[in-house]
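Engineer: In order, the protein sequence lines correspond to chains A and B. When you line the first sequence up against this note's numbering, it's residues 15 to 93, in that order. When you line the second sequence up against this note's numbering, it's residues 15 to 93, in that order.
Rather than coming from a laboratory, the hints here were simulated on the basis of the structure. All values derive from a computational prediction rather than experimental measurement. Do not take every clue at face value.
One copy or two, it doesn't matter: identical chains are merged, so the pair holds either way.
Computed cross-link-like contacts, PhoX-like style, restricted to lysine-lysine with a CA-CA straight-line distance of at most 20 Å [claimed, not checked]: (1) K24 with K54; (2) K48 with K36; (3) K48 with K77; (4) K78 with K89; (5) K36 with K25; (6) K77 with K33.
Number of protein chains: 2
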Amino acid sequence: MKFSVTVTLKKDVLDPQGKVVKNTLVNMGMNNLKSIRQGKHFEVEVEGNDQSIAEEKVDEMCKKLLVNLIIEDYKINKI
Amino acid sequence: MKFSVTVTLKKDVLDPQGKVVKNTLVNMGMNNLKSIRQGKHFEVEVEGNDQSIAEEKVDEMCKKLLVNLIIEDYKINKI
Numbered sequence: 015m016k017f018s019v020t021v022t023l024k025k026d027v028l029d030p031q032g033k034v035v036k037n038t039l040v041n042m043g044m045n046n047l048k049s050i051r052q053g054k055h056f057e058v059e060v061e062g063n064d065q066s067i068a069e070e071k072v073d074e075m076c077k078k079l080l081v082n083l084i085i086e087d088y089k090i091n092k093i
Numbered sequence: 015m016k017f018s019v020t021v022t023l024k025k026d027v028l029d030p031q032g033k034v035v036k037n038t039l040v041n042m043g044m045n046n047l048k049s050i051r052q053g054k055h056f057e058v059e060v061e062g063n064d065q066s067i068a069e070e071k072v073d074e075m076c077k078k079l080l081v082n083l084i085i086e087d088y089k090i091n092k093i
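With the sequences and hints as input, model every part of the structure.
Structural biologist: Now the structure itself:
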């Protein structure tokens, strides 16, 4: 069973990496770019046929390792 | 207009970072984890009301800077 996990910085957390990317794109002539924020993306495959149990497992992985809950939000989707 | 861009390594490209994450999770007791691959995620906001023009701009950004087309795939979604 496959899930995608998207990890993004919380709204009020500064994103220096995204800022550098934005400045670079603007310098390359992309004038209509308003903002860009960078996050992480995981494709997780777990064994088992029960979707809710599998999703719980992925949620546990997020909380224990993949996501820093103080500064990041995350979203799990079945794919 | 907001778009999400998901950048993933192509299927046949090794993902050492994902491998480290996988090993760590298995060592933490997640035995039913089959595979995990890491990618990047961008939230891009561009000006303008025409979706197709905006999407083209985002696509140009991907090709010129955000994505290494030799080893990475990308997907653009309107959010």
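Engineer: Quick check: which numbered hints come out false for this structure?
Structural biologist: Checked against the structure, no hint fails, so every one of them is satisfied.
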